[in-house]
Amino acid sequence: DIQMTQSPASLSASLGETVTIECRASEDIYSNLAWYQQKPGNSPQLLIYDANSLADGVPSRFSGSGSGTQYSLKINSLQSEDVASYFCQQYNNYPYTFGAGTKLELK
Amino acid sequence: QIQLVQSGPELKKPGESVKISCKASGYTFTDYAMHWVKQVPGKGLKWMGWINTYTGKPTYADDFKGRFVFSLEASASTANLQISNLKNEDTANVFCASTDGGYGDWFAYWGQGTLVTVSS
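Same order as they appear, the protein sequences are chains A and B. Note that our numbering numbers the first sequence so that position 105 is 527, with each residue one more than the last. Note that our numbering numbers the second sequence so that position 112 is 625, with each residue one more than the last.
These aren't lab readings, by the way, just hints derived from the structure by calculation. A few of these clues could be false.
As the list claims (entries may be wrong) - Partner residues aside, some chain A positions facing chain B, computed with beta carbon under 7 Å: (1) Leu468; (2) Asn498; (3) Phe509.
Keep in mind the model is a prediction, meaning the values are calculated, not measured. For every residue, glycine included, the Cβ atom is placed at its ideal position computed from N, Cα and C.
Given these sequences and hints, build the entire structure.
Given below as structure tokens:
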């Protein structure tokens, strides 16, 4: 199975700040990577697919980058509504696997 | 708009069975694959497998072979997950999630989740 190592596990940032979340795959996943946002009590919502494509309706302050085994999600100009947990997911090989998540809080 | 609506929370005893439904609307049901994802409360996400909504062929992750069955009621645009011989470790929120017709399996649409609690 492909292991997805996500960091940091938790993050505290101020409004307006830029934050970056990293995800490292145990092998090359050829940009077959998605990022999701999950707010407490809700289901996950797709943010990014194919490593850097913005899903419909997602604010442009979210962006994804990376290739091979290293990927990142960047949030520019942090807003209060961005407080959530974030997960990466690889869909290159079965079984599809997720990172353990990053909990983003406001400082 | 596309919606996936799941059945309500379930409280079961060990050894019992449960069936969770996921009704899709807003698109042609057979166009998009349906996946199932498990989340233990407060923890991460685990992919359980998927079902081809056109052919009905299921694919299970190794940890979900044997007691788990994916099925369809295509005429009702509904995907089902049945879990038999429930164990305490099956306690989780279970989501259905569909793709959006792209070539990759990102999960564009999610159900609201069904909380399954297994307790004696």
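Now for the hints, and whether the structure bears them out:
1. Leu468: 5 Å, holds
2. Asn498: 22 Å, violated
3. Phe509: 6 Å, holds
Violation of the numbered hints given earlier is confined to hint 2; every other hint is satisfied by the structure.
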